[in-house]
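Take a look at the letters that make up each chain.
There are 2 protein chains.
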Amino acid sequence: MIDKLIEKIIEMQNPTCVGLDTDFGYLPEEMREGVSCFAEAAARITEFNKNIIDGVCDVAPSVKVQIAYYEMYGHEGVKAFYDTVEYARGKGLVVIADCKRNDIGSTASCYSKAYLGETALGGKALRAFPADMLTVNGYLGTDGIKPFVEDIVAHDKSIFALVKTSNPSSGEFQNLKLENGEYVYERMGSLVEEWGKDTVGRYGYSEVGAVVGATHPEEAKNLRKRLKNTFFLIPGYGAQGGNAQMLKVCFDGRGLGGVVNNSRGIICAYKKPEYAGKNYFEAARAACVAMQRDIASVLGKMEV
Amino acid sequence: MIDKLIEKIIEMQNPTCVGLDTDFGYLPEEMREGVSCFAEAAARITEFNKNIIDGVCDVAPSVKVQIAYYEMYGHEGVKAFYDTVEYARGKGLVVIADCKRNDIGSTASCYSKAYLGETALGGKALRAFPADMLTVNGYLGTDGIKPFVEDIVAHDKSIFALVKTSNPSSGEFQNLKLENGEYVYERMGSLVEEWGKDTVGRYGYSEVGAVVGATHPEEAKNLRKRLKNTFFLIPGYGAQGGNAQMLKVCFDGRGLGGVVNNSRGIICAYKKPEYAGKNYFEAARAACVAMQRDIASVLGKMEV
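Going down the list, the sequences are from chains R and P. Reading the first sequence from the start, the letters are residues 0 to 303 in numbering that gives the first Met the number 0. Reading the second sequence from the start, the letters are residues 0 to 303 in numbering that gives the first Met the number 0.
Bound-form chain R, shown alone (with noise of 0.2 Å):
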């Protein structure tokens, strides 16, 4: 599936990810009027997220769902989670479900099969949430890693593990050196590159990829040297402080290497003074397209 993002990302020369992290606040004030249950919350955040898709498909290759933003309105809202990745799907879209889920393998292999694999039911084999890509978190290692990696070769799927966070403590414990010079991050990246070695695409990079906040210039700059094969999910970019210049050491020489998120800058756009007079799936594709323009004066044409 990573060649695949690759190539819609070539064709529209836009690396970018458009986050649905859709808390109900977000929806404009007419939206959210009268609602006071999970059911009527869920389907007026599914109506927005549709028109959001709708205003972006053919300007962006990507979206990411946030699956905490739905989990906050009950089953209904993971049912809204569902029914986003579908549609967002159909629309062509990649879509990347950022669960950042994690166990042990027996209890991976369930995950795998929600958001990646197939759950086999009365001789069926059912899709319980058919993303194209999922976000883990690799703190148990190889063997709760492993049950993803199995379902992107059976399946043409792609997962991103936690590398290195845009939060601002993530340094904490992800900065921490280890006894050997290197850095925590470092070692969980080099994890990373090796548990995709076998699924590397045409375009030289893996289906198992790397979140790497954009707010962390440094250490972005440092992986992007280390993992030669990993593709970066990139967060970070607006409303948490990162920009088109930070982002840059995130790429390789061809422009490729990595898929910018924005959440908020795109959602709410509609309530920027910039985008005045817009409604908010107007305001989410003009500012899909602002976005599209601000890396591409950094990065420059993407060519393979």
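For the record, the hints were derived by calculation from the structure and aren't laboratory data. This one's a predicted model, so the numbers in the text were calculated from it and none came from an experiment. Each hint should be verified, as a subset may be incorrect.
Copies of one chain are not kept apart here, so a pair can be met inside one copy or by any two copies together.
Cross-link-like lysine-lysine pairs, in silico, BS3-like; alpha carbons within 30 Å at most [said to hold, decoys possible]: (1) Lys145 to Lys270; (2) Lys300 to Lys247; (3) Lys176 to Lys224; (4) Lys270 to Lys123.
Since the structure of chain R is provided, determine the placement of chain P on it from the hints.
Relative to the frame of chain R, chain P by itself:
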């Protein structure tokens, strides 16, 4: 909530947690017949869980509901997770949602609302999956844990963060040595102790516990010595290879300090020859009692 759990453990003289990792395949054949969609599977899983809960609720203080086994049946499965959590709480069990959630602060806050706190909607405070305790993963550092700690204080809840997990390859990352001579899992343990320091209850344990596998007794012993105020959630007993003798090191001089999870050993006990003639919930109850005796034979009487 940790005080309530410890009180129930003392009252029942049983530090057992019944793991409801209810794969559909674990159900007796007659309960699986004719099921070919997620909604039907979810209904049977819920029925199975409720009967198990009825069977164990007066001999075990807590249950741990592993959400991966529900997510694989879609949003209908997640509804079964909710129903199971609700039913177990109604029966007075301390309910641990085993979700190993983790993200940056703003997103962690959504997860916390979902499992520990409240979601505000139309002037009401609603609860999505109202558990008593939640497992989390601290790879992102303090600002990814803070939202959970705030809800712990506001709503009398607890969390358990992964420190030394029970899986075979946990050492690959967790037993890396830092330049100061500490192991990665020791450093994570110290962070956990720090995160909980303002929430120590009347038995000397805080609301921020640690997941420490029974399958790694050397590390468990080391952690018990280092983390005086940290209560342990101990997976790995039974099917994963841990036994009572191995997990003795997790407990303090009073026989307190941890709760031991057993999943397949209890919910699939009906398949074992020694429980022949019992149905699945009678077998689960008998396995709980046997586990209580096994652990008590090593720990002696728990008292304060």
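Hints, verified against the model:
1. Lys145 to Lys270: Classified as between; 28 Å across copies, 43 Å inside a copy.
2. Lys300 to Lys247: For Lys300 and Lys247, the Cα distance is within 30 Å only inside one copy (13 Å; across copies 62 Å).
3. Lys176 to Lys224: Both: 19 Å inside a chain and 24 Å across chains, each within 30 Å.
4. Lys270 to Lys123: between (46 Å within a copy, 25 Å between copies)
Comparing the model with each numbered hint stated earlier shows that all of them hold.
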